[in-house]
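Heads up: the protein sequence lines correspond to chains E and G, in order.
So in this note's numbering, spot 149 of the first sequence is number 149, and the numbers just go up one at a time.
So in this note's numbering, spot 44 of the second sequence is number 238, and the numbers just go up one at a time.
One thing to keep in mind: the hints can contain errors.
[Claimed, not checked] Here are the simulated EDC-like cross-link-like pairs (lysine to aspartate or glutamate), alpha carbons at most 16 Å apart as the crow flies: (1) Lys36(E) / Asp205(G); (2) Lys31(E) / Glu331(G); (3) Lys49(E) / Asp205(G); (4) Lys222(G) / Glu68(E); (5) Lys38(E) / Asp205(G); (6) Lys313(G) / Glu227(G); (7) Lys187(E) / Glu152(E); (8) Lys36(E) / Glu206(G); (9) Lys31(E) / Asp205(G); (10) Lys224(G) / Glu68(E); (11) Lys222(G) / Glu66(E); (12) Lys31(E) / Glu3(E); (13) Lys224(G) / Glu66(E); (14) Lys222(G) / Asp311(G); (15) Lys38(E) / Glu206(G); (16) Lys38(E) / Asp210(G); (17) Lys313(G) / Glu66(E); (18) Lys49(E) / Glu331(G); (19) Lys122(E) / Glu3(E); (20) Lys36(E) / Asp210(G); (21) Lys47(E) / Glu331(G); (22) Lys222(G) / Glu3(E); (23) Lys47(E) / Asp205(G).
Just so you know, the hints here were simulated from the structure itself, not pulled from any lab data.
Nothing here was measured: the structure is a model prediction, and the numbers come from that model.
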Amino acid sequence: MNEDLLLLKQFLDAIHPLNDDEWTDLSVHWKPFIAKRKTILTAAGEKEKYLYFVLQGVQRAYYVGENEREATIVFTYAPSFSGVADAILTGVPSLFYLETLTASRFIRMPAVELHNLMDKHKGVHTLITRALGYTLHGVLKRQAEVQIFTAEEKFKALLQRSPHLLQLIPHKYIASYLGMDATNFSKLLASVEI
Amino acid sequence: MTAYNATALLDELSSDIRTILVYTETLKSKTTEELSKPAADGGWSAAQVLEHLNFYAAYYLPEIEKGMSSSNSNAKSFFKSGWLGNYFTNMMAPKADGQVKSKMKSPKNAIPAKTLDGKKELETFITYQHQLLNVLEIAKKVNLNKLRIATSLSKLIKLKLGDTFRFIIAHEQRHIEQIKRVLL
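Build the full structure now, drawing on both the sequences and the hints.
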């Protein structure tokens, strides 16, 4: 097994271990994929064709609303899944753009194959349901934060979850994730004790 | 001629289309008047440029789909561009800074009408880009070298499928730069 697949296996085992048959069927579908920084992996309106597993780099999913207002929804980085989750599972066109913020390395599998394997193997089904559960946990938690946290509290929560992001990506994306404009964010950054 | 990894080329072209889609997202907030305002030098409006691109998409997409569905060759891992395909693509493609190398004249049949519904052209354009993305994905199962697609210039002038994609997308990039200049 190559190193990338080994990393994937470790990641999956922590969610729900697959038996040998299930793993063999699943592992054959992952192909390496690399992308330069600022590559759009999925456009809004497009079906999500792949489930990604991030090996390197930072990506973000963002929404573009009326008058080009933009909301950064989520950052992804190694080792974790990436891709527009709801679109992968439902087949509905993505509401979001998914882009790389830094040069990125992945392995990825076609969403179609994932669906087939979920039908074929109970273990794969359980794995994806659990992974989705964790994702939903994160999304709901963030929903609560968005509603009650001050900008500073949101920022501290992000730093706790993903302390390395501040060094890796331009601050305007972090500002966008926090729902602030870039100027206010740099003021916040100057004032917060980390 | 340049040789490419076929899948990587298709991924890169898809990513180019998505970059165009990110830009056209910003056009949604423009008014019909802004979209139909002629360029300062009297050149085409954004709406006209979009119609021009839609004209080509309306020709090439069905040709490509037809070609791919009747093709029974297996995918090859590499693609070697042809001399004509390279020539056309290089002629079209804007430089990295968005400048175009040479001014060109569009064929008569591809010159857009003066009055157009820019919003509708934009919507059509976006729909075509999504179709193009699907076609690029399906093309991963096709031999990009062997399948040839007739150009809109003449049924007798054919380009390899891989070159057809490169050419169409370079053409779009060129004209997207033009829209950026018009709406500056």
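Comparing the hints with the structure gives:
1. At most 16 Å may separate the alpha-carbon atoms for a hinted pair to count; lysine 36(E) and aspartate 205(G) meet this at roughly 12 Å.
2. Between lysine 31(E) and glutamate 331(G) the CA atoms are separated by roughly 15 Å; this keeps the pair inside 16 Å, and the hint holds.
3. Between lysine 49(E) and aspartate 205(G) the CA atoms are separated by roughly 12 Å; this keeps the pair inside 16 Å, and the hint holds.
4. With a C-alpha separation of about 8 Å, the suggested pair lysine 222(G) and glutamate 68(E) falls inside the 16 Å cut-off, and the hint holds.
5. With a C-alpha separation of about 14 Å, the suggested pairing of lysine 38(E) with aspartate 205(G) holds against the 16 Å cut-off.
6. In summary, the hint linking lysine 313(G) to glutamate 227(G) is supported, as the alpha carbons are separated by about 10 Å, within the 16 Å threshold.
7. Taken as a hint, the lysine 187(E) and glutamate 152(E) pair is honoured in the structure, with Cα atoms around 11 Å apart against an allowance of 16 Å.
8. Taking the CA atoms of lysine 36(E) and glutamate 206(G), the gap is about 10 Å. The hint holds against a cut of 16 Å.
9. Taking the CA atoms of lysine 31(E) and aspartate 205(G), the gap is near 13 Å; set against the 16 Å cutoff, the hint holds.
10. The suggested pairing of lysine 224(G) with glutamate 68(E) holds, with an alpha-carbon distance near 10 Å, which does not exceed 16 Å.
11. Note on lysine 222(G) and glutamate 66(E): the hinted pairing holds, with a Cα-Cα distance of about 8 Å set against a maximum of 16 Å.
12. Of the pairs offered as hints, the one joining lysine 31(E) and glutamate 3(E) holds, with about 13 Å between alpha carbons and a cut-off of 16 Å not exceeded.
13. Using a Cα cut-off of 16 Å, the hinted pair lysine 224(G) and glutamate 66(E) holds, with the two alpha carbons roughly 11 Å apart.
14. Between lysine 222(G) and aspartate 311(G) the CA atoms are separated by roughly 13 Å; this keeps the pair inside 16 Å, and the hint holds.
15. At most 16 Å may separate the alpha-carbon atoms for a hinted pair to count; lysine 38(E) and glutamate 206(G) meet this at roughly 12 Å.
16. Restraint check for lysine 38(E) and aspartate 210(G): satisfied, since their Cα atoms lie roughly 11 Å apart, inside the 16 Å limit.
17. Proposed proximity of lysine 313(G) and glutamate 66(E) is supported: the alpha carbons are some 15 Å apart, at most 16 Å.
18. Under the criterion of a C-alpha separation no larger than 16 Å, the hint pairing lysine 49(E) with glutamate 331(G) is consistent with the structure, at around 9 Å.
19. Distance hint between lysine 122(E) and glutamate 3(E) is unfulfilled; the C-alpha atoms sit about 26 Å from each other, more than 16 Å.
20. At roughly 12 Å between alpha-carbon atoms, lysine 36(E) and aspartate 210(G) fall within 16 Å of each other, so this suggested pair holds.
21. The hinted pair formed by lysine 47(E) and glutamate 331(G) meets the criterion: a straight-line CA distance of about 11 Å does not exceed 16 Å.
22. With a C-alpha separation of about 44 Å, the suggested pairing of lysine 222(G) with glutamate 3(E) is violated against the 16 Å cut-off.
23. A hinted pair counts as satisfied when its Cα atoms are at most 16 Å apart, and lysine 47(E) with aspartate 205(G) qualifies at roughly 15 Å.
Hint compliance for this structure: hints 19 and 22 are broken, all remaining hints hold.
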